[in-house]
Structure formats: structure tokens, C-alpha cells
Amino acid sequence: QQLAPLNSDTEKDRMDWSELEAKLGPFPKLPEGTKAGAVSKTLTNEYWRSLGEGYKAFGKEKNVPVAYQAAQSEGDQLGQLTIAEGMITQGYNVLLVSPQTDSNLQPVIEQAKAAKIPVVDVNDAVIPQAEHYVGNVQRDNGVRVAKWFIANRPQGGKVAIIEGQAGVYAAVQRTEGFKSTISADNKFKVVASVPGNWDRQTSYDAATNILNQYPDLIGFYANNDGMALGVVEAVKAAGLAGKVAVFGTDGISDAYASIKAGELTGTVDSFPVLTGEVAMETALRLVAGQKLPRVVATPQALITADNLSRYQGQGVNVRTVLMEDAKAGK
Amino acid sequence: MVPRLGFETISKSFPGVNALTDVSFKVAPGEIHGLLGENGAGKSTLLRILSGVFRPTSGSVFVDGEAVTFRKPQDARVAGIAMIHQELQQVPHLSVAQNMFLGHAPTRLGGLFVSRSEQEKRAAEALSMIDRSIDVSAPISSLKVAQRQIVEIGRALLDKAKVIAMDEPTSSLTPSEFDRLAEVIANLSASGVSIIYVSHKMDEVFRICQRASVMRDGKLVGVVDMKTASEKQVIAMMVGRELMQETHNSFATDQIKLEARNLSSSTKIKNISFSLHKGEVLGIAGLVGSGRTELLRLIAGVDRLSAGSITIDGNVVSPRNPRDAIAAGIGLVPEERKREGIIPLRPVSLNMALASLPSFSAAGIISNHRLRASASDLLKRVNLRPFQLDRPIRLFSGGNQQKAIIARWLAAKSQILLFDEPTRGIDVGAKSEIYQLIETLASEGCSIIVVSSELPDVIRLSDRVLVMRDGRIAAELTGDQLTESTIVAHAIPGAIAGAKPGLIANPA
Amino acid sequence: MTATSTAGANASPAFRRFSFSLRDAGTLIGLIVIMAVFAALVPGFLSERNLTNILQQSSINACLALGMTLVIISGGIDLSVGPTAAIAAVITATLMLGGTPVPLAILAGLGVGAACGFINGLLVAYVGLQPFIVTLGTLSTYRAIALIFTGGNPVLGIPAGFRSLFNGTLFGLPIPVLIVAAASVAAWVLLKKTPIGEYLMAVGGNEEAAYVAGVPIARTKIIAYVISGVLAALASLILIGRLGAAEPILGNLWELDAIAAAAIGGASLMGGKGSIVGTILGAIILGAMRNGLTLMNVQAFYQLLATGLIILVAMMIDRATRGRE
Amino acid sequence: MTATSTAGANASPAFRRFSFSLRDAGTLIGLIVIMAVFAALVPGFLSERNLTNILQQSSINACLALGMTLVIISGGIDLSVGPTAAIAAVITATLMLGGTPVPLAILAGLGVGAACGFINGLLVAYVGLQPFIVTLGTLSTYRAIALIFTGGNPVLGIPAGFRSLFNGTLFGLPIPVLIVAAASVAAWVLLKKTPIGEYLMAVGGNEEAAYVAGVPIARTKIIAYVISGVLAALASLILIGRLGAAEPILGNLWELDAIAAAAIGGASLMGGKGSIVGTILGAIILGAMRNGLTLMNVQAFYQLLATGLIILVAMMIDRATRGRE
Ligand SMILES: Nc1ncnc2c1ncn2[C@@H]1O[C@H](COP(=O)(O)OP(=O)(O)OP(=O)(O)O)[C@@H](O)[C@H]1O
Ligand SMILES: Nc1ncnc2c1ncn2[C@@H]1O[C@H](COP(=O)(O)OP(=O)(O)OP(=O)(O)O)[C@@H](O)[C@H]1O
Ligand SMILES: [Mg+2]
Ligand SMILES: [Mg+2]
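Protein chains in written order, with the working numbering: chain H, 389 to 718; chain B, 3 to 510; chain W, 46 to 370; chain D, 46 to 370.
Simulated from the structure, these hints should not be mistaken for lab results.
It is possible that part of the hints are untrue.
[As the list claims (entries may be wrong)] Derived DSS-like pairs (lysine-lysine); straight-line CA-CA distance at most 27 angstroms:
hint: 1; chain 1: W; residue 1: Lys318; chain 2: B; residue 2: Lys340
hint: 2; chain 1: H; residue 1: Lys411; chain 2: H; residue 2: Lys679
hint: 3; chain 1: W; residue 1: Lys318; chain 2: B; residue 2: Lys146
hint: 4; chain 1: W; residue 1: Lys237; chain 2: B; residue 2: Lys234
hint: 5; chain 1: W; residue 1: Lys237; chain 2: B; residue 2: Lys123
Everything numeric in this text was worked out from a predicted model, so none of it was measured.
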């Protein structure tokens with residue numbers, strides 16, 4: 389019987405990561421010889437490597453070997469499908485997949501179902517037929533940045549968006565979240581929303597052009613950190629450093645470094661390592677036979693110079709901090 | 003009688019050139035009509051208009067009294083006009099039969115599939131009139147130039163055309179092959195097919211044509227009756243002046259310039275030794291396929307020697323590539339101009355300078371001044387026409403392209419010049435110019451090897467002739483021995499000494 | 046003519062007609078070497094299931110590469126296959142969701158592919174632009190059209206009837222494999238047995254000669270691009286049958302794999318030369334390699350390295366087996 | 046000699062020397078048309094600041110396209126410019142972080158670009174593989190090397206000394222623009238005034254004839270690829286100077302833009318033909334278009350559409366201005 393197409397941002401059957409233990413009890417015992425396979429988009433982006441670290445870390449803790457593979461490049465849809473199909477053939481007990489697009493791994497869902505292997509869709513692209521999804525709410529990402537502007541720039545002004553690759557779910561949702569939230573406040577005006585194609589150079593050029601046209605711009609929102617860092621350089625080159633706020637997404641280490649250096653204003657960190665751990669926990673609980681809601685939501689937080697030390701640095705345990713955040717309902 | 007074919011005030015201009023101006027003449031049914039003129043006179047252009055490749059700028063073509071307009075080659079074919087193009091028009095990876103039927107292959111099942119068997123049968127039939135040995139299912143690229151030219155002729159015979167235009171069909175053929183063609187043409191003519199025959203070989207034209215139109219600089223100079231006209235007269239019309247009757251002058255010295263010892267290649271050449279003196283003109287004769295081209299290519303470093311050595315002025319050079327050979331003073335004027343000679347898009351001046359660019363350069367920069375001075379000088383010396391140094395070489399007629407290639411070696415100051423069929427497709431005027439040039443070069447101390455299938459020319463030009471057979475030197479002839487009959491006797495295995503070339507049956 | 050050459054002439058047609066071309070044999074050797082290496086390294090690589098898998102995974106690239114081969118033979122190149130596939134996919138899917146009967150929708154999809162190819166062909170043949178640039182331009186244009194048409198969203202809910210058409214097996218082989226096999230046979234017949242095949246070789250091999258021989262140059266080129274478009278559309282139908290959704294960003298980078306398959310199979314980008322058998326083998330080489338590397342759990346960066354090196358090595362083996370031309 | 050042809054001979058060199066080639070004039074018209082359209086639609090498009098901006102943004106593509114033009118003229122193509130740039134960038138950046146003096150690190154980066162080009166050249170010239178396939182193979186291989194070298198991470202913290210070298214302005218123009226202008230002049234001189242330039246034309250125009258005429262074929266081809274590699278490295282240095290970080294994924298799809306610029310500028314992918322002036326104009330056309338579309342805030346899908354259409358239209362204008370050849 390067909391599942392209703394998943395919308396990870398709005399699905400009702402959901403649970404926050406912080407409730408896993410509370411609702412499902414301590415981590416169960418796994419069948420002997422359990423091994424997990426994971427396929428991600430690409431390893432050329434730190435986000436996906438960190439996610440893999442999370443998988444592996446949790447796997448190690450529970451003594452589960454984890455094979456982590458990725459397509460050769462972002463956008464390589466069939467290559468990723470080949471990899472995922474190979475993993476089914478090789479008899480992994482559970483699969484964690486981060487698809488290139490919403491549908492390119494659909495056959496894997498079907499084949500895995502036939503082979504009785506649970507599949508967890510982890511973040512970003514959303515397979516409509518996925519039975520399990522772990523990830524953050526993409527739309528919320530843009531919303532958080534918009535709220536920062538509304539709170540911190542009460543006088544309003546012109547803002548611009550640098551979008552990811554045209555047509556990609558995460559890019560569309562993030563952009564939409566930002567745009568609709570900030571437009572609700574009519575002191576703000578989105579004067580430009582142009583493609584940066586996940587590319588630093590393209591974003592740099594686009595930002596330069598926008599700044600040229602709107603020297604009074606107050607801020608940029610970029611769909612990922614790489615693009616945001618390109619925008620930061622453009623802002624500096626235009627001599628507007630400090631005057632124009634720049635936000636990214638993902639929370640890669642370079643973004644943290646840039647925030648510390650006072651260049652990037654902020655990033656919406658979605659904590660890929662923790663996400664990986666949560667996803668692996670979810671996957672392994674499924675292997676152990678537990679029943680879980682369809683969506684397990686992972687945390688995210690807007691990181692700025694003000695709160696950075698809370699999330700990163702000597703002796704900070706992100707898991708604990710985020711757990712506190714979750715309790716506080718942030 | 004209504005003429006089969008009529009040209010009415012045909013003009014054709016290309017950017018910068020008037021290739022044809024007001025050309026008008028008629029051809030009767032069954033007539034074999036020669037078309038004569040120097041290189042660049044416009045013969046090919048006229049035939050290309052007839053076959054629908056070009057459209058005339060003005061004027062009309064009449065077939066059987068009716069004006070026709072050919073928009074594309076297909077139209078001309080439908081109207082019963084077949085053409086043998088001057089340049090081989092073939093597709094390398096298709097078979098002989100596929101090439102011959104290109105564009106109108108016999109089909110079965112309602113035109114859906116090519117009927118390979120019929121295609122090959124009919125192709126073989128057409129070719130058998132001239133040469134039975136060609137395998138019609140072999141890829142065309144495996145054939146030698148001469149065979150490929152026969153394939154082109156065979157293609158024109160397939161169509162049962164009313165008019166066959168032949169643009170230098172025999173440029174790569176031997177006299178015996180021409181004999182076959184002459185027979186075929188006579189039969190066609192008898193059955194009412196009109197032939198337009200372009201050739202620079204006067205004897206051919208006189209032998210087969212009834213009348214001929216003579217062109218010069220894109221204009222028709224006159225139409226002559228071959229029965230009454232003399233060769234000298236026709237040549238005078240073509241060239242606009244009388245050619246001197248040349249006699250052989252020898253400038254050979256005792257000094258040995260080049261010494262070849264036991265040259266062998268992995269394919270054809272076996273153990274060839276000879277020497278070439280300073281100022282000598284050494285002819286090489288032989289049948290097509292006897293290895294003449296390959297020998298020149300070995301000396302010029304284009305192909306690799308598998309054994310043997312080449313010595314120049316007492317130093318062993320044995321070139322491994324053309325650059326070695328050029329550095330040693332050797333220059334090759336290749337057989338297939340279009341493929342091995344010219345850089346089509348580049349100006350004629352730079353084509354000329356290609357082998358000697360560093361000598362026009364100072365500190366790595368080409369001196370435009372020096373280059374132009376030299377180009378102007380050398381290209382004038384070879385009498386390039388039109389004399390436009392910046393015109394891409396592909397826009398020149400074949401003969402003028404050849405002149406530019408010869409000028410290339412003059413520019414490179416080559417001391418040893420190798421000519422492979424230097425006058426193929428070249429008009430009598432230019433031919434005598436080139437021969438004159440060869441003599442002058444010899445008199446200046448150059449050593450020259452000439453490979454040519456035109457025996458009278460080889461004989462007149464050479465101090466000494468080597469006859470090749472099957473990759474070996476069959477004879478070395480000098481002085482009184484230098485006659486067509488002795489050359490042929492040595493070139494053909496088992497031929498009767500003293501026979502005339504035209505009478506020797508094709509050995510195959 | 047000497048006796049030797051006559052003997053050679055007699056020997057050759059028989060040899061040529063009943064044997065595999067030498068060049069294809071070279072490609073086959075390449076495939077065998079790769080299979081042998083993986084068989085030695087990966088247990089189960091040669092299992093029937095995995096071999097079927099390789100065929101299945103190669104089928105989409107093979108389908109595109111067939112059309113690419115014809116275009117390349119005609120002296121062109123088609124960089125726009127991916128976006129062409131995307132347009133065909135989203136339109137077919139949208140039609141089916143709108144209630145169009147499956148066969149009609151399929152026809153429409155293939156028609157869209159043909160139309161995209163036709164535009165490429167027109168620009169190349171009649172406007173006289175360079176094929177690389179034309180299809181570079183339509184690469185962006187067609188992609189944009191697919192995105193605009195769908196608003197960037199995937200079209201979900203492909204009917205089960207359609208999906209089963211492309212998802213089942215027949216005689217123990219996945220249907221896509223059979224479809225592509227059928228397309229290969231058709232392409233082979235077209236190239237080897239029909240006038241159009243000769244025209245394609247002629248136009249790519251020597252356009253001037255083809256023109257003076259009366260070959261319809263423009264029509265021939267257009268046919269090549271149209272076939273390429275239709276096969277791209279067919280590949281997209283196979284894919285959306287498997288995926289159950291049609292995305293406007295489908296087909297990203299497909300052109301490179303298809304060109305690689307054709308080149309490994311012996312097509313010359315100078316035109317006039319190429320082999321259907323070789324192309325299919327080339328596609329399987331690429332498929333087998335990806336499959337093998339995945340089974341060996343090779344990390345993405347090293348897979349990329351292997352992909353690059355295998356293309357180079359395949360071309361070198363090829364070069365060595367046929368010698369300099 | 047007739048009077049007419051002599052007159053022609055005298056007239057033409059002067060014509061050639063002091064005038065712009067007809068083909069380049071066509072490209073210039075294309076550029077002017079695009080500028081005029083945007084000037085009408087976008088206020089401030091023609092401001093000095095924005096024009097400088099366009100030049101600056103075109104500079105990287107122009108730099109690559111210069112090398113691409115030389116390679117294309119030699120009858121080849123270089124798809125590997127992006128990954129070559131990436132390797133050069135990450136190595137230069139790593140060296141600088143490791144304390145290597147800036148000039149040495151720059152030299153090393155350019156050397157790496159040269160080495161990448163040299164490998165391409167060797168495979169094309171000596172092994173005799175098709176350029177498209179060689180550089181398709183090295184496209185993956187070099188990218189993989191850049192990724193493996195850095196583990197996929199960007200190299201951050203490019204020293205300010207280096208950055209200011211590429212980031213400043215001189216005579217009111219951004220330094221990258223001046224660097225690329227200098228490179229263009231050098232490429233123009235190379236192509237028009239040196240034996241190597243003529244060899245490039247000859248090798249691309251008719252390789253066999255060039256060989257017989259003693260042109261060093263292999264060396265000429267290798268030089269083209271080496272120059273392309275060095276210019277790709279130079280482009281990457283400009284970029285990392287601007288962005289302050291060297292990413293292993295830098296240069297994705299650069300090859301397509303560079304080829305588009307060269308083609309718009311009149312280079313023929315069949316070889317033997319191309320123009321440095323045209324290529325630079327082509328790069329500026331593409332840059333002006335991106336700039337204008339961004340300023341007009343055109344939505345992503347429509348930008349893609351415009352990119353595709355502009356390439357097609359530019360090629361058609363070009364075709365119309367020079368007529369069929
Ligand atoms: N496509 C073309 N474009 C420009 N000029 C051309 C073209 N074809 C021929 N010409 C010019 O037209 C003139 C006539 O050339 P054509 O080839 O008809 O001479 P031809 O009499 O056949 O000479 P040949 O004996 O060398 O074959 C020459 O000046 C040639 O350069
Ligand atoms: N590169 C090559 N590889 C293999 N065989 C060759 C090669 N070049 C020539 N041959 C063969 O060597 C033989 C001699 O050919 P060559 O062209 O040297 O003869 P030729 O006497 O110059 O005849 P022609 O008058 O046609 O030029 C022919 O059988 C030809 O097929
Ligand atoms: Mg002619
Ligand atoms: Mg010869």
C-alpha cells in the first residue's frame with residue numbers, strides 16, 4: 389500500500405531527536421553481525437563528510453561497521469543509484485541515504501523493501517516514498533535568518549538572496565522560508581534573489597553586482613556556507629564590511645572561523661555530526677525492530693558571534709547544549 | 003540538331019575573383035568535347051556549375067535545348083549529368099561500392115534497405131570496363147590513388163547519363179589505363195553520350211576529343227577542331243604566347259650530394275642504393291605502385307627507414323622525421339597536394355613560409371617585412387596567379403597551390419628537392435614553368451629527384467633515370483638508353499622490349 | 046595489378062563480412078580485462094544477479110550513447126541529451142497525471158525528444174552553426190524549459206501501469222535491457238543496412254564528397270539529432286519508470302558518459318567513424334567499472350580517479366590494439 | 046599578371062594590417078547589441094563602475110578561454126581546465142600556508158598547471174588519443190587528485206600579501222583585468238607573430254601537410270596544452286586571490302564557458318581557425334550577460350534560459366555577419 393508522499397517539513401508523524409531515548413527507551417540490543425551502509429551526495433562538501441563522521445562515530449560506539457560512500461560529484465544521479473543498489477546486493481542490514489534528488493533513489497526504496505532492509509532518508513532531498521526521514525526542517529533555516537533581521541535591523545532595508553542550484557529542494561525551501569518570513573515585515577524588501585549554484589565564485593560575482601546596484605543593501609542570505617563565504621569576500625572588496633550582514637547555512641568549520649574573524653555574520657548550523665549520529669541511531673533502532681515515527685527532526689541553530697562560544701570551542705559538548713536548547717524549546 | 007548541352011554567357015565570381023566571364027559554347031550529342039586552359043582558367047568552375055555544385059552568377063545552362071537550373075548536385079544528376087571531379091570525392095570509411103553509389107544506392111523493400119549485393123554487382127560491372135582488380139567491397143581508404151581515381155570514373159559510368167563531365171580523370175593514371183578509358187569514352191560517344199573532357203595532357207585531348215574549347219582567365223578564347231588544329235596552336239591559345247621548345251641541359255657535377263645505401267622500408271622498398279650528384283636531375287620512373295612515392299617519403303623522413311642509410315655530403319643523416327630531412331637540406335613536393343601539401347585556410351604566403359619560419363624570425367618574432375619580401379619574390383618566381391599573397395591557399399587552383407609548395411622549398415633553401423608527380427593536374431604553361439624552374443634550380447647547384455608518370459617529361463628533364471619495379475631498382479638508364487620503350491621494358495615484368503607504352507596490355 | 050594485391054582483395058570481403066571488426070574486438074578485450082580484474086577482486090562480481098545488474102545500470106547510458114554515436118558519426122556532437130531527456134520526462138509524466146493514456150503519453154514524450162533533436166539539427170544543418178556550440182546552447186535552454194515547465198518541482202505519482210512497463214523482466218532480463226537491446230539492433234541496421242546509414246558515414250567522413258554526390262546533407266544531419274533526441278527521451282522514460290518520478294533536473298551530466306561510451310567504442314569525434322557494437326561495449330565497460338568500484342567500497346574521490354584513469358587506459362588499450370591510423 | 050590582381054595584392058596587406066578582421070567585427074557587433082539591450086533595460090549598466098565590474102568578472106573566463114583558443118586552433122580541446130585550476134589553486138595555497146614565499150608559490154602553481162597541460166599534451170601528441178577523450182579522462186583524474194590532496198576541504202587563510210597582489214587596482218583598472226590583458230597581448234603575439242602561432246594554425250588546419258612541411262607536430266600540440274594549463278592555473282590564482290580560499294571543487298564547468306567564449310569569438314572546433322581578439326570579446330559578451338541578468342534580478346530558471354539563448358543568438362549573429370564559408 390502506497391504511503392502518502394512525504395513532506396519532511398510538515399509531516400505530522402514526527403518526533404524531535406531529543407525525545408528518542410525518552411520515548412523509545414535505552415538503545416536496544418542489535419542482532420549479531422549488523423552492518424550499516426550509507427550513501428551520501430558527495431564528499432566534496434564538508435557537510436556530507438561530517439554527516440559520515442556522525443554515522444561512523446555512532447556505529448563505532450555500538451560496534452556496527454559502517455560503509456560510507458558517495459557519488460563522484462554532486463548531481464551524479466545515476467552513479468548514486470548504482471552505489472545504493474550495490475549496497476542492497478551486498479546485504480547491509482540498513483541503508484542511510486542522502487539522495488541527489490527527490491526521486492533518483494526511489495528504486496532503492498523498492499528494492500530494499502523487497503529485501504526487507506530498512507532505509508532512512510537523511511536530510512536534504514526528500515524521497516516521497518521514504519518510510520523514514522531524519523533531518524532538519526529546511527524551511528526553518530531561512531526563517532531563522534529572516535527572524536534575525538527582523539529582530540536586529542528594526543529599521544528594515546534591502547536584502548538579497550543567493551540561491552543554491554536551481555530546482556534543488558533544500559535551496560527552494562530555504563529561500564522560500566526566508567523570503568516569506570522577511571516579506572511579512574514590510575520594512576524589508578528582497579531586492580534580488582539570484583542563483584549562486586552552490587559556487588563561491590558565482591556567488592562572489594552575483595554579490596558584487598548586487599552591491600553595485602544597491603550600495604545601501606543591509607544583508608545577504610545564502611543557501612549554503614560556501615556561497616556565503618564568497619559573498620563575504622565581495623562585501624569586503626566593495627568596502628562594505630560591517631555594513632552588510634551575511635548569513636550562510638550548514639555551519640561548516642570555515643563558516644565558524646569566519647564568524648570568529650568578524651566577517652560572516654552568522655550561519656544556520658544544522659550540526660551534521662550530530663545529525664549523523666541521530667540518523668544512525670534511528671537506523672539501528674529500526675534494525676532492532678523498534679517502531680519509530682516517520683520523521684525524526686534534527687536540531688539547527690543560528691550561530692552568530694554572540695552565541696558562538698556556546699556551540700563551539702574547548703569543552704563544549706554540542707549534544708548537551710542542543711539538548712538544553714531542545715528542552716528550552718528553541 | 004539540338005545541341006545536347008549549351009552554356010550561355012555563364013559568369014561566376016567569387017569574393018575577389020571573377021572565375022568565369024561570359025562563357026558560351028555548345029556540345030552536340032555524342033560529342034567528345036575537350037576543355038582546355040591553364041590552371042585557374044576556370045574549367046573546374048564551369049563543370050561544377052554544370053553539375054549543380056555552384057550556381058552561376060549569371061547566364062544559363064541548356065540541356066537538350068531547355069534552360070535548366072540546378073540548385074544542388076542531385077538536380078544535375080536527375081537531368082542526366084554525371085561528373086568526375088578533379089579532386090577525389092570519397093568517404094574514407096565506406097566501401098568502393100558504397101562510394102560509387104553514394105546518394106542513390108540501389109535499395110530493396112521499398113527503399114528501406116540498401117541492396118548490398120546489387121550495389122556491389124553493378125559497381126563491379128562499371129569498374130570492370132577499366133580495371134577488374136578493384137575489390138568493390140573493400141574500404142575506399144585501402145585503395146591507392148590511381149585506383150581511387152578509377153573508382154571515380156566508374157561512378158560516372160553508373161548513371162547512364164546524357165552528359166559526362168570529366169575533370170582531369172587521368173591525372174593519376176598510367177597510359178595503359180588511359181587506353182581503357184579512351185575505349186570506354188568512344189563507346190559512350192557512339193551511344194550518344196556527350197563527354198566534356200578536361201585534361202592538361204595534350205596528347206590525350208588530341209587523341210580522343212573531336213572539338214575543344216580553350217579558356218584563359220575565365221574567358222572562352224575559342225573553340226578548335228582537333229582534326230585541324232595543331233598542339234602548338236592550341237597551347238598558344240591557352241597560354242597567350244608560344245612556349246619555347248625546351249631542350250635538355252645538364253648541370254650535373256661529379257660531386258656526390260646524396261648517397262642512399264640499402265634503403266628498405268617495412269612495406270615496399272627493398273634494398274635500394276643510388277647516388278645523386280650536385281646539380282643533377284635524377285628521374286625515377288616505374289608503374290603505379292612500384293614504390294616511387296614510398297622511396298621519396300623515406301628520403302624525406304616522412305616514413306621511417308627499416309634498414310639502410312642516407313648520406314649527404316659525406317655525413318650520415320638517415321632522417322627520422324621530415325624535420326631532420328629539412329635540416330639536412332631535403333624538401334619534398336608531395337604527391338597528394340590537398341592532403342599532404344597545403345594548410346587550406348592559411349594565406350598562400352604563410353603556406354610558402356611554413357618550412358622556414360624561424361629564418362624569417364628575429365628573437366622568436368616573425369618579421370612581416372622579411373616574410374613578405376621573400377613571399378613576393380619567390381611566389382613571383384614561380385608565377386603565382388592570382389598574385390595575392392594573403393589569399394587563403396584553398397581558393398587557388400591546383401596548379402597554383404603546387405607552385406606555392408615548390409616556393410616553400412625555395413624559401414627553405416633546400417639543396418635536394420624531391421618532386422613526386424610535380425605536374426599532376428598542372429597545365430602546359432605551368433608545367434613548362436615548373437620544368438624551367440627545375441632546370442634553373444639544378445643550374446644553381448640543387449640536386450633534384452623527379453618522380454613522374456609522364457615519361458616524355460622524365461626523359462627530357464633527367465640526366466639519369468632509375469626505373470623501379472616492385473620496390474627495387476630495375477635499371478639505371480642514361481644517355482641513349484633513355485627512351486620510353488626501354489623504361490617501360492624495365493618497368494614491367496616480362497614486357498617485350500621496344501613496345502610502345504600505349505600498346506602494352508595491363509598486366510593484371 | 047600484381048597477384049598479391051588481387052589475392053588480398055579476394056580474401057578481404059569474406060573476412061570483413063563474417064567477422065567482428067578489429068576495432069570492436071579491441072573494445073571487447075578492454076571489457077574482458079576489466080571484468081577479469083573485478084572478478085578477481087570482488088567475490089560475487091560475476092554472479093548472474095550482478096551481471097544483470099550491470100546490464101540494467103548500463104542500459105540508460107547505452108541508450109543515449111547509441112544516439113550519440115550516430116550524431117558523432119555524422120560529424121556532430123549532442124551535449125543536450127540530458128536536458129532533452131528531462132523535458133521529455135516531465136512532459137510525459139505530466140500528461141499521464143493529467144489522464145492521458147500511457148501509450149499516448151509515451152508517444153508524446155518521444156515526440157518531445159524528437160522535437161528537441163530537430164531544433165538541434167536545424168541549427169546545425171540549416172543555420173550552419175557548430176554542433177558543439179548549438180548543443181551547448183540548447184543544454185542550458187532545454188534545462189531551463191524543463192525547470193520553468195515544472196516550476197522546478199518533480200512530477201510525482203507516475204502511474205503503476207507505466208512503471209510496470211519499464212520495470213519488469215522478460216526472459217529473465219530486465220525490460221530496459223531488452224528495450225535498449227532492441228534499440229541497438231535498430232541502430233545497427235540503420236547504420237549498416239540502410240541508405241541513411243551510408244549518408245551518416247558520408248556526411249561525417251567527407252561532407253564535400255557527400256554533397257557533390259547528392260547526399261541530402263541537411264536532412265541526414267537532422268535525422269541524426271532527431272534520433273539522438275528520441276533515444277534520450279526513451280532513456281528518460283526508462284528512468285522515470287524506475288524512479289516513479291520525473292524531475293526537471295534529471296539527466297545531469299549524461300552527455301559526458303554517453304560521449305565516453307561512444308569514444309571507448311571507437312567513434313571518432315572527427316566524424317565518419319563509429320560502431321554500434323563498440324558503443325554498447327563501451328557503455329558496459331563504464332557500467333561494469335562503476336559497479337565493481339562500488340562493490341569494492343572504494344571511496345568517492347578514488348572512484349572519480351578510477352573513472353578518469355579507466356577512460357584513459359581504455360583509450361590506450363584501444364590505441365594499441367588497432368595501431369596508428 | 047593582370048592589372049587587377051596586382052592592385053589587389055598591393056591593397057590587401059595594408060587592409061589586413063590596419064583593420065580588424067571581419068570575423069572579429071561580427072563578434073564586436075554582437076557585444077554592442079547585448080550592451081545596448083542591457084543599457085536600455087538596466088539603469089546604471091553603462092556606469093564606469095559596472096563596466097569595470099564586467100571586465101573583472103569576465104577576466105577569469107577570458108584567461109581560460111585564451112588557452113582554450115590556442116588548443117582549439119591546434120585542432121584539440123581542453124575539458125580539464127577546471128580541475129587543472131583546482132590542483133594549481135590548492136597546491137599554491139598549501140605552499141603559502143606552509144610558509145613558501147609568495148613568488149615561489151605562484152611559480153609552483155603555474156608549474157603545476159603546466160604539468161597538467163603537459164600530460165594532456167603527451168597523451169594527445171605522443172600516444173595519439175583524441176583530445177576530447179584525453180581531457181574528459183583528465184577532467185575526472187585531476188579533480189580526484191585535487192580532492193584527495195585536500196581531503197575535500199578548502200584551503201583557507203591565503204596570505205594578505207598574495208591577495209593584495211591580485212585584488213588591487215592599477216591605473217583605475219582591477220589588477221586581474223590587467224593581468225589578463227597582458228596575457229591576451231602575449232597570446233596574440235604568439236599566434237600572429239611567431240612561428241609557433243603559425244605552427245598551431247598549420248597543425249590544426251592540416252596535420253599531415255604540416256608534418257610533411259617539417260612542423261614539429263607533437264611539440265606544437267604540447268605547447269598548446271601547456272599554455273592552456275598555465276593559463277588555467279593563472280585564472281585559479283586570480284580567483285583564490287579574490288575569494289581568499291582555494292577549494293578543490295573550484296573550476297567546475299569552467300571548460301564550457303571557456304569553449305563558449307572561444308566559439309563565440311570565431312574559433313572552429315575543427316581546428317585551424319580562431320582569434321584572440323574574438324575570444325576576449327566572446328568572454329566579455331558572456332560576462333556582460335551574466336552581469337546584466339543579475340542586475341535585472343532575473344529568476345534562476347530564466348537566467349539559465351537566457352544563457353542558453355544568448356549563446357545561440359551570438360552564434361547566429363556571427364554566422365550572419367560573416368556569411369557561409
Ligand atoms: N570556392 C572558390 N572560392 C573562391 N575562388 C575560387 C573557388 N573555386 C575556384 N576559385 C577561383 O576561381 C578560379 C578558377 O578556378 P578553377 O578551379 O575553375 O580553375 P581550373 O581551370 O579548373 O584550374 P586547374 O587546371 O588548376 O584545375 C581560380 O582563380 C580559383 O582560385
Ligand atoms: N604507408 C604505407 N603503408 C602500407 N603500404 C604502403 C604505404 N605507402 C605505400 N604503400 C604501398 O606500397 C606500394 C608502393 O606505393 P607507392 O605509392 O610508393 O607507389 P608509386 O610508385 O609512387 O605509385 P604512384 O604512382 O601511385 O604514386 C603500394 O602497393 C602501396 O599500397
Ligand atoms: Mg580544375
Ligand atoms: Mg606515387
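To see whether the hints hold, each was checked on the structure:
1. Restraint check: the Cα-Cα separation between Lys318 of chain W and Lys340 of chain B comes to about 21 angstroms, which is no more than 27 angstroms; the hinted pair holds.
2. Distance check on the hinted pair: Lys411 of chain H and Lys679 of chain H sit about 11 angstroms apart at the alpha-carbon level, within 27 angstroms; holds.
3. With a C-alpha separation of about 20 angstroms, the suggested pairing of Lys318 of chain W with Lys146 of chain B holds against the 27 angstroms cut-off.
4. Between the alpha carbons of Lys237 of chain W and Lys234 of chain B the distance comes to roughly 53 angstroms, so the proposed pair goes past 27 angstroms and is violated.
5. Between Lys237 of chain W and Lys123 of chain B the CA atoms are separated by roughly 18 angstroms; this keeps the pair inside 27 angstroms, and the hint holds.
Violated hint for the displayed structure: number 4, the only one.
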